[in-house]
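Undergrad: Below are the chains, spelled out letter by letter.
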Amino acid sequence: MTRAVPEFAVIGHPNEGKSSVLSTLAEDDSVRVSPVPGETTECRSFPVVIDGREVIRFIDTPGFQNPRRVLRWMQEYQGDDGAMLARFIEAHRGDSAFHDDCELLAPLRDGAWVIFVVDGSRPVRNVDRAEMEILRLTGCPRMAIINCKEDETTWLGQWRTEFRKHFNAVRIFNSCRATYVERIELLESLKAIDQELQEVLERVISAFRHDWAARNVRTAAIITALLTDVLSYRRSVTLREGEDEEGVRRRLHDEYVRYVEHMEQRAQRRIRSLFRHNIFDCRLPPHSILHENLASARTWQFLGLSARQLVLAGAVGGAVIGAGVDVAAAGITFGVFCTLGGVLGAAGTALHGRELLSGARLLGMRLVRERLQVGPVTNIQLLYILLDRALLFYRHIINWAHGRRDYDHCQLPDGQDRARHGFTTTWDRAARKTCERFLRAMQQEEPGERQEAGAELQRLLEGVLEEISMDRAGTGG
Amino acid sequence: MKTPWRIPDILDLEYLLARDEDTDPVVLARRDRGLYLEFIRPQVGDSRPGPGVLLYHWLRQRRRMLSAEGGDPVLPGRLWREIHGILRILVILAGLVTGGGLAYSFLAYSGTRPVNVALYLWIFVVSQQFLLLLLATLAVYRLLSGRGLRSSLLCSLLVRLVSGLLVKLRGGLLRKMDAGERLRLLAVLGRGSARLRSHGSLLLWPMFILVQLFAVSFNGGVLAATLVKVVTADVAFGWQSTLQVSAAAVARLVRLIALPWSWFVPPGISYPSLARIEGSRMVLKDGIYHLATVDLASWWPFLCLAVLFYGLLPRLGLFLAGHIGLRRALARFSFDGPACSRLLHRMLTPGLKTGGSVAGPAGETGAVAGEEVVVTGERSTPEDAPGAEPGDAGSRAAASGETVCRPGPGEDDRIPERRPPVPGPGEAPRPVALLALVPDELHDHCPASTLAEQVMARTGAGLAGVVRIGEEDEVEDETLARVRDLYGQGEAGGILVLQEAWQPPIREFLDFLTRLRGLAGTEGRLVVALVGRPGAGTIFTPVTELNSRVWHQSLAALGDPGLEIIEMVAP
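Sequences listed follow chains A and B, in order.
The first sequence runs 1 to 477 under my numbering.
The second sequence runs 478 to 1048 under my numbering.
In case anyone wonders, no lab produced these hints; they're calculated from the structure.
Treat the hints with caution; some may be incorrect.
[Claimed, not checked] Simulated coverage check for chain A against chain B, where a stretch passes if three residues somewhere in it have a Cβ under 8 angstroms from a Cβ of chain B:
| id | segment |
| --- | --- |
| 1 | 51-60 |
| 2 | 191-201 |
| 3 | 432-438 |
[Stated by the list, open to error] Here are the simulated DMTMM-like cross-link-like pairs (lysine to aspartate or glutamate), alpha carbons at most 20 angstroms apart as the crow flies:
| id | chain 1 | residue 1 | chain 2 | residue 2 |
| --- | --- | --- | --- | --- |
| 4 | A | 149 | A | 182 |
| 5 | A | 149 | B | 501 |
| 6 | A | 165 | A | 194 |
| 7 | B | 653 | A | 29 |
[Unchecked claim] A short, non-exhaustive set of chain A residues, derived as facing chain B with CB atoms under 7 angstroms:
| id | residue |
| --- | --- |
| 8 | 38 |
| 9 | 39 |
| 10 | 97 |
| 11 | 262 |
For every residue, glycine included, the Cβ atom is placed at its ideal position computed from N, Cα and C.
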């Protein structure tokens, strides 16, 4: 009676977190989860599709509404054991009081494997024993999941003892805190229900792992692109006459901060959607380093020439005049005046050019212009902070279980206290060299070097993301 | 002492009691006890008045307090009075306009064809008689079947409409709602249904009276229009038939119709004579020119009297009957619902403040130092309590091998010797002892003394016994049979079910409660006492706000007006 596509029915008492377990397992935050019991009234299936083919299916079911009555009926049932569930459903189909019970037993009738979910933070009651006995009578292969909805662990021992009587496999799985690793481990433990599931579950687990690795590669690329955009940022404006230089500087800084925040949020949105979070969103606190010490430089221009160009122009001008004197002296000066003129021109321009030329106008147009410029970033601290923030966000997103709905409790550190929250503080020398190379490349205009440094950083990040996924990457504190 | 309870008063009482549901019990106890001592007791003196009187005084004081607090509060009673007043005017106007308009247009006579007497009687008398007959049949049916006004056509139609709506909701809309919304909606419907059950007749009598008022106005309109038409216009009345009916037969029928008034109204006026009937017969092929005017005008007094006696007077009678019925329903109105009982308990329970030195452990006195606690009033020996009499349910059950726990002789010192005030016979509220049903898992952790103390503090009732329920191998029918035996034999006046509020209210338990209601009857108290998750060494822990809400809404959806929900430990 086993179906072509193996089905796992998630079954239990109402309000034990069945939907939450499934939501986390299937990474689907559209599943209705509520602290009010009786949220699920109809079965809902969650197929696992690999390469367009459904491989296994999880089924969310309503909770038992009449466990003692159902058990009584089954205990009194006299007919063929194989047809017991079908008979029960047939006998109670029209009775609205048994709607939920019929609904949850239907997948079992059709040969589903059972995942029995209980809330381990509460004591065992006789209704639970009745439900376990029902499952025993159905003869369906089954395992139990203890989903601790609260931090209370007093009753775990009681549950384990009870489960030993009825189930082969028991697993603790907190649907609100389960990480990627725990999800994989749960899938692994499903193999214990039935040997024939081994192969298909291997395929599912392997597909889950590949998919996760691909998401990590994408995330690393997103973070590298963010860093490239932010660290190679340049912006300069011309100072108008009488304009408040400090005000312009502040404006440029603000623009830069907005830009960094915008780019960071865009990257976060992309990572968030990569990990299938549609409702959950967490915001890192605003940057504080950006408001402090961003490099900026004041330059001035004459006829569109920068100070350096102007010195060169002065030297050329002086040399031309000197050459004129040399020519006038019929070459007997051997170019001394030309050289002297060049040196004097350059020195004069360099030393007094700004004073001499300030306010110079031609046909009413100002000939001198001063410019303010911010970026590119030279302080490597910003790179590390951006990295830490991105990694912090990533860790939070991957560890926020889809079944968890207390979105108000999402508070992240700002990532600037690197001693405590920095992933990068524990990096080795090679990793630091990669970062330094990347920063240098961003300050240069050579595309080849930029590309290579970017690729190197991305490879580094892929490794780091994998470590974080496996919960092996420590933060400094 | 009788109290002038009116519908607006009852609505206000309901409203104020509902408002109190969300208020801290300690605050309520202090307020209500204060009202009783300061205002109510001086008025009622030592007369030991009934709950109706006490509640009426309480209501007056609460209204006064609300006025003092925030100007003139808009209470539902006032709204009802105003809306009802407007409705009455509208109904009278509608009756007059429809009756008068119908009669006026019917009596239009252009001189070619007289007004058909038979048709007039059919429309304005017979049709009304038919409706009256229908009403009488239903009244007789209700009288014979012993069912009250609840089984009225209107009521059953309403119930059918609501249940039909529910079925549709369950099928479609309910599934789209999340659990919280669904529960809220079902609770609202359940509360509505409970109100209909408890106040059904009270709310239906005013509707009945309005319908009668419409009918009286309608008949008044018909009479007025007929008289105006007769006085101000030349109206001719005649009769006709395709059948060869003789005038004598018509005269006999007319005399029969006129029986109610013919004995005191002169013959010429009470009904037309045979000659006049003969003279007003219309034969279309002959026209009406040969008919005498005096014959054609002889019918109108008879028609007016018919409307008066068959339409207006019966409806006036029903209108008065409606008022009498309403007054009787108000007089019969029962104030022993859970909210009223709690209020009376608060008013009549002395507030005890213990402070300073505490000799023994707090658990023994039930009071914590420095904390104001409410304990029940007059002291009496355990023997006075209904649950402690010899040969009671507990001892009988013990003899029959039942699992009944009862504070034994050794436990007496731990049982609070406090009983609710005992009112005068048949007057003031009489708290009854409750049979406590304790789930198997909690039973061994639930000392009878603690339970008795908590139940007394929360409900004002003593314990008639403790029954272990929900054992692993026991089925519901067996549990109910045991409870039925104990309940029937003992002196319990109600049942209390201890329930852990963190457990979701599943269908099985809700159905069990419905069956318990059947066992306790509509008069018996049925209390669901909630406790929280077992804590350090005790099962008496507070219930979380969410769990409390879920349970209140789920139980409200049952639509049982007498079902009480209490929390054993204040949050």
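Undergrad: Which hint numbers doesn't this structure obey?
TA: 1, 2, 3, 5, 11
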